[in-house]
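Starting from the known structure of chain A, arrange chains R and V on it as the hints suggest.
In the order they appear, the protein sequences are chains A, R and V. Counting from 1, one number per residue, gives the positions in the first sequence under the UniProt record's numbering. Counting from 1, one number per residue, gives the positions in the second sequence under the UniProt record's numbering. Counting from 1, one number per residue, gives the positions in the third sequence under the UniProt record's numbering.
If you're looking for bench data, these hints aren't it; they were derived computationally from the structure. Keep in mind that this is a model prediction, so the values were computed, not measured. Hints are not guaranteed to be accurate.
[Claimed, not checked] Straight-line alpha carbon distances no greater than 30 Å define the calculated DSBU-like cross-link-like pairs of lysine-lysine that follow:
#, chain 1, residue 1, chain 2, residue 2
1, A, 32, V, 32
2, R, 32, V, 206
3, R, 114, V, 114
4, A, 114, V, 114
5, R, 32, A, 32
6, R, 32, A, 114
7, A, 32, R, 206
8, R, 32, V, 32
9, V, 32, A, 206
The lines below spell out each chain.
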Amino acid sequence: MPETEFVTTLVVYDLVGIFVFAVSGALVAVRKNLDLFAALVLGGVTGLGGGFIRDVLIGATPPAALADWRYLIVPVAAGLLTFFLHAPLGRLERFITVFDAFGLALFCVTGALKAVGYGLEPVPAALLGMVTGIGGGMIRDVLAGSVPVIFEGVVYATPALAGATVAVLLNETDLPMWVVAAAGFATCLSFRLLAMVRGWRAPMPKGPANV
Amino acid sequence: MPETEFVTTLVVYDLVGIFVFAVSGALVAVRKNLDLFAALVLGGVTGLGGGFIRDVLIGATPPAALADWRYLIVPVAAGLLTFFLHAPLGRLERFITVFDAFGLALFCVTGALKAVGYGLEPVPAALLGMVTGIGGGMIRDVLAGSVPVIFEGVVYATPALAGATVAVLLNETDLPMWVVAAAGFATCLSFRLLAMVRGWRAPMPKGPANV
Amino acid sequence: MPETEFVTTLVVYDLVGIFVFAVSGALVAVRKNLDLFAALVLGGVTGLGGGFIRDVLIGATPPAALADWRYLIVPVAAGLLTFFLHAPLGRLERFITVFDAFGLALFCVTGALKAVGYGLEPVPAALLGMVTGIGGGMIRDVLAGSVPVIFEGVVYATPALAGATVAVLLNETDLPMWVVAAAGFATCLSFRLLAMVRGWRAPMPKGPANV
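In isolation and in its complexed conformation, chain A is listed as follows (with noise of 0.2 Å):
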C-alpha cells in the first residue's frame, strides 16, 4: 500500500473509531437523562478524551484533535444524531459495541506508536497506546457519575494492551509501517471481539475484603 494512501486510511479510521466512541458517550447522556449539551460534552469527551491524555503526558501540544477542524465535527455529529435518534440507535447497541472494538483496536495502536514517535520507550509507550483507548470512555463514565465500566469486569483494557504492545514490539523490526499497525489492530481487534462472543470476564477480588 503506497504511504499516502495508507495515511489517508488512518484518517478515516481514526474519524470512524471517534464517531462511534462519541456515540457511546452520547448514549450515556440520554441515559442518564441529562441535556443536549451533556450528549455532545460526553460524545466529545468519550471520542478525544483519550487522545488528549495521551497527547498532554507526551507533550505533544496543542492535542491533533484541537488543530484539525474535522476532529471537531465528528464528535458533535455523533452527538447531535445520538442525541435526537437515541431510540434506533439504541436498538443497534450490539453493532455499536463492535464498532467500538474498531475504535479501541485503531486508538491503541496509533497511540502507542504516536509516543513511540516521541522518544518514549516501549514499556511507557504501550501503556499510552492502551490510556489512548480507554481514556475517554474512564472520563465520560467519571463525569456521568459512574464508576468506569471497564472497572468492573469488562475485558476491554487488556486487549487494547495486548495490540499496543504488539505494534510497539513489530516497530522495532524492519516491517513496513502498514504490516506493524495492521498487526496490532488484528490482536487487539480479535482479542476484545473473542472475549465479548465467549463472555470472558477480568479476574475479581476473592475472599471477603475486611473493610
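Structure of chains R and V alone, referenced to chain A:
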C-alpha cells in the same frame, strides 16, 4: 481606552471572576459538609481549573495562575471567607449567580483570545474559550461527587460558547482588542442573564432511553 | 552524605512511596469489588498521579515515570500483590498508613523542589509539592466513585503543604540540598503522624448550610 489601562481592567475582572467562581466552589464544599481543606480545594479548582485545562491543552505551561501569586491568594481568600461566613453568603446566592455570569463572560473571552494567541484556529479557539469558562465548575462537581450541574438543563455552556465565538470572529477584523473583548463579553453575559431571568432550559432527551 | 548516594537514596524512597501509595489504591479497588484491572489502574494512578499532575502543569513532559520503567513496574507489582493478597494486607492497614505518611512526606518535598527547579516562585512551588503528595489519592477516590477522603476531616493535605513550604523556604538558604529535603520531610512526617496518633480532625463547617 489606552492599552495599559485595558490590561489592568482585564486583570481586575479576571480576579473578580476567580473570586466569584471560588465562592461557588467553597459553597458546594460547605453544603456537602466537607472540611475546610475541601472548601479551599474546591474553591481553587473552580476558580482556576478552567484556565488550567486550557493552558495545559495549548501548551502554555506553567499556567499563568502558577506564575502570579495574586491568582492564588484570591481563591484562598474566597475559600476562607465562604467557609466561615457561609450562612450570609448562601443568602446572597442570587446575587452570586449574577456575578458568576460576569466571571463566565470574562473567562470565555480571555480563554478564546489566549488560544488564538497560541496559534489555534477559530473553531478550537472558541471551544477552548468555552472550556475556560465551564471547566472549573465541572471539576468542582466531579470532585464533590456529583454529575456536573451544567449537564442537567442549565443554559450555561451555550452562552460561553457564543461569547467565545463572537470574540474569535471579531478578532479577525481590524477592530481594537477592547471592542472585540467587550462584544464577546456582552454576548455571553446578556445571553446568560436572559436565560436566568426567563428560566430557559437546555433541550432534554425525548422518549424512553431503552437501557 | 555524598551527592550520588543522596540521589540513590531519593530514588529508593521515591519507589517505596509509589509502592505504598499503589497498595492503598489497589486496596480501594478490592474493597469496592472491582476487577484486577481496576486494582492495577487505581494502584498506578495513586502511586504516580500526583507526579503526573505536577509534571503536566510545570511542562515537564513526558513525566519522569514514563521515561523510567522502574516507576511503572513498582505500581504493577503493588497492584498484583494487593489483588491476590488483600486479606493479609488489609490486616496490616495501620502499618500501611504509617508507610503512606512516609510517601506523603517524600512526595511533597521532591514535588516542591522539582517545581522550584522549573522556575516556579515559592508559593506555587509549595502548592505543587502538596499536589504531588495528595493528587494521586484524589484521582483514586474520584475514579472509585467516592468523594476524596481528604475532604472529610482527615489531616493530610496540611502536613504536605507544611513540609513543602519548609523545603521551599530552606532552599532559599545556603544549606546543602539533603538538609533542605530532610527538614521538609521531617516536618510533614511528624505533623502527619502526630495528627494520626492524636486523632486530629480538620475544621468542619459550622451551622446549617442553607441549601
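Structure versus earlier hints - violations, ascending order: 6
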